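**Student:** Taken in order, these protein sequences are the chains called A and B. Residue numbering for the first sequence follows our numbering, beginning at 1 and increasing consecutively. Residue numbering for the second sequence follows our numbering, beginning at 1 and increasing consecutively.
These aren't lab readings, by the way, just hints derived from the structure by calculation. The model shown is predicted, which means the values in this text are computed figures rather than measured ones. Please note: incorrect hints may appear among the correct ones.
Lysine-lysine pairs mimicking DSBU-like chemistry, simulated, CA-CA at most 35 angstroms apart [stated by the list, open to error]: (1) A:143 <-> B:168; (2) B:143 <-> B:207; (3) B:143 <-> A:143; (4) B:168 <-> B:207; (5) A:168 <-> A:207; (6) B:168 <-> B:143; (7) A:168 <-> B:143.
There are 2 protein chains.
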Amino acid sequence: MSGIATEVTMQRRPEGALKDDDFAFVERSLPAIAEGEVLVENHWMSVDPYMRLYLTEQSGAHAPLQVGETLHGGAVGIVVESRAKNLPVGAAVQSMLGFRDRFVAHASELIPVDANLAPLQSFLGVLGLTGLTAYGGTYHLLKPQAGETIYVNGAAGAVGSLVVQLAKRRGATVLASAGSDAKGAWVTDALGADSFINYRSDDLSEKLAEYAPDGLNMMFDNVGGGQLEAAIEAMAPMGRIALCGAIELYDSDNYRRGPANLFTTIERNVTLFGFNAGQFRSNAPAIVADLAGMLARGEIVNEETIVVGFDNCIAAFRGVLAGENTGKMLVQIKV
Amino acid sequence: MSGIATEVTMQRRPEGALKDDDFAFVERSLPAIAEGEVLVENHWMSVDPYMRLYLTEQSGAHAPLQVGETLHGGAVGIVVESRAKNLPVGAAVQSMLGFRDRFVAHASELIPVDANLAPLQSFLGVLGLTGLTAYGGTYHLLKPQAGETIYVNGAAGAVGSLVVQLAKRRGATVLASAGSDAKGAWVTDALGADSFINYRSDDLSEKLAEYAPDGLNMMFDNVGGGQLEAAIEAMAPMGRIALCGAIELYDSDNYRRGPANLFTTIERNVTLFGFNAGQFRSNAPAIVADLAGMLARGEIVNEETIVVGFDNCIAAFRGVLAGENTGKMLVQIKV
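Whenever a hint applies, use it, and build me the whole structure from the sequences.
**Tutor:** Below you can see the structure in the form of structure tokens.
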């Protein structure tokens with residue numbers, strides 16, 4: 001007997017913005033661990049915009065969660081009971097079994113992480129899927145060159161804040177947007193973006209024209225919707241766009257829709273790379289090593305917004321969708 | 001004095017399908033040619049779907065034609081008077097000054113073509129922008145490999161029929177769609193497509209699933225709209241799409257709109273190459289040489305639908321938009 005776990009389940013399918021009572025905290029008895037299994041206590045949980053997608057019934061790659069099922073997502077934790085040789089008690093492991101404080105799993109379902117390399121929660125951010133997404137999208141797809149201009153939206157978010165820095169390392173001019181002037185100050189002063197656009201108070205098209213009079217060579221799109229459309233209109237010939245997310249649309253009833261002006265990409269020879277981190281799985285060891293080196297040398301800013309307490313995970317989830325975070329949004333489950 | 005030219009002007013902005021009285025045939029006196037200029041008699045005129053775009057006021061790369069202005073487009077003709085050393089009388093030249101039977105221009109505005117290399121009208125088709133579009137989109141962007149599957153729509157059209165053949169040359173499996181079973185027979189029997197889909201009578205999604213059970217690796221899109229959406233849903237992971245045109249939408253009030261399911265490209269790591277022939281301008285000599293070799297060796301089928309008589313150019317224009325052509329749609333001005 002491995003004790004009791006608390007899990008977060010979907011009580012009803014959310015419509016629009018998430019409400020507390022769309023979810024429930026449920027206690028479950030865990031089975032005794034079998035040979036090859038471990039009991040893990042989650043210490044950190046990742047809260048990411050894409051999680052909103054599996055709560056809808058809109059068809060897509062993310063199989064819709066059913067009412068009553070437990071939410072999933074990235075987490076790191078520590079093995080507290082073990083019947084698996086390669087994962088002794090005390091081992092740190094990464095899983096996709098977030099939204100629960102503890103769980104039993106077979107060792108083969110877990111990814112061991114090296115807690116000496118970086119703080120545990122880094123494996124959810126810069127050394128996890130966040131880093132893989134930002135690095136792969138920027139260096140493997142967009143390939144910024146010195147003298148080129150890139151527009152990054154959601155630039156104060158987990159992925160965007162890394163993209164800003166990675167593009168600057170290659171000498172690109174970076175235009176960054178986010179939803180408050182405080183974020184703007186951070187994005188320019190701490191991350192090195194060349195110009196900031198407040199998408200709530202500025203006219204995005206006007207600002208793009210002002211900051212990129214010769215057009216955008218690249219866009220890294222975390223937001224979609226109107227921001228993607230404005231950027232497409234601002235693209236220079238032969239521009240490249242990394243389509244990473246569409247957070248502006250996630251609470252809407254149609255997040256899957258394309259921009260109203262796709263035809264412009266034909267006229268201007270613009271390439272759109274739809275992508276997710278899965279594309280870079282085979283490159284992950286090299287990418288993580290490169291990012292770990294930058295992190296260790298203090299060359300990249302790795303900001304985290306930490307919500308303390310498992311009880312607050314839905315507030316954190318709602319917060320990341322509303323852009324309340326700066327850098328990576330994390331829930332610290334075990335203090 | 002170089003005589004009288006007949007030109008086709010836009011009399012009013014067309015709404016929906018083109019009507020004869022949207023246009024007028026107008027006679028104009030041509031000036032005497034000056035030093036460096038030539039008088040050209042057009043022999044062949046290209047009629048292409050994209051021409052519909054500059055008749056609308058929807059914003060885009062194609063500057064809208066104003067009421068009363070002469071339509072433009074690809075043409076080849078013969079110099080009949082010359083005050084330019086490099087273009088003697090009898091020289092064959094390509095221009096973008098279609099929709100007129102003769103014209104005066106400076107030699108620097110014209111592209112000399114080698115009438116010994118291939119029939120004159122080939123420089124509007126397989127050795128012109130049509131060939132550049134098909135070859136560049138297929139070989140420079142999609143890069144088909146043996147064992148891969150590509151879906152080509154508008155496959156009986158000028159560009160599509162070349163794409164089918166170029167993809168087959170690289171060993172890809174080709175699924176081709178067009179609007180009649182007669183075209184289907186031609187596309188499979190003459191061009192070598194592996195499977196045919198009649199987009200008017202078949203369920204496109206069903207047929208794509210049947211013919212590409214493991215998904216599409218590539219799509220060459222001439223049609224846009226619902227056909228692009230169906231193909232996106234049928235894409236395999238890491239698929240590539242060449243966005244070349246959206247003929248299904250050209251008569252509509254919004255040809256610029258994107259697909260309803262762009263988000264699928266994020267989930268499946270699908271790249272979309274918006275492109276036009278301009279992208280391959282620097283590669284044009286090599287591309288034209290390669291295509292001319294294939295043509296001379298009889299390795300590619302170069303079908304033409306020829307409408308005889310300048311008077312019939314609007315009927316030909318309407319015809320290419322309605323898919324009445326097989327292969328390249330041409331107007332023979334001078335018989």
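**Student:** Each of the hints needs a verdict: does it hold here or not?
**Tutor:** Status of the hints after comparison with the structure:
Between residue 143 of chain A and residue 168 of chain B, the direct Cα distance comes to roughly 31 angstroms. Compliance with the 35 angstroms bound is thereby established for this hinted pair. Proposed proximity of residue 143 of chain B and residue 207 of chain B is supported: the alpha carbons are some 24 angstroms apart, at most 35 angstroms. Restraint check: the Cα-Cα separation between residue 143 of chain B and residue 143 of chain A comes to about 20 angstroms, which is no more than 35 angstroms; the hinted pair holds. A distance of roughly 20 angstroms separates the Cα atoms of residue 168 of chain B and residue 207 of chain B; the hinted pair therefore holds under the 35 angstroms criterion.
Of the pairs offered as hints, the one joining residue 168 of chain A and residue 207 of chain A holds, with about 20 angstroms between alpha carbons and a cut-off of 35 angstroms not exceeded. The suggested pairing of residue 168 of chain B with residue 143 of chain B holds, with an alpha-carbon distance near 12 angstroms, which does not exceed 35 angstroms. Proposed proximity of residue 168 of chain A and residue 143 of chain B is supported: the alpha carbons are some 31 angstroms apart, at most 35 angstroms.
Checked against the numbered hints above, the structure breaks none of them.
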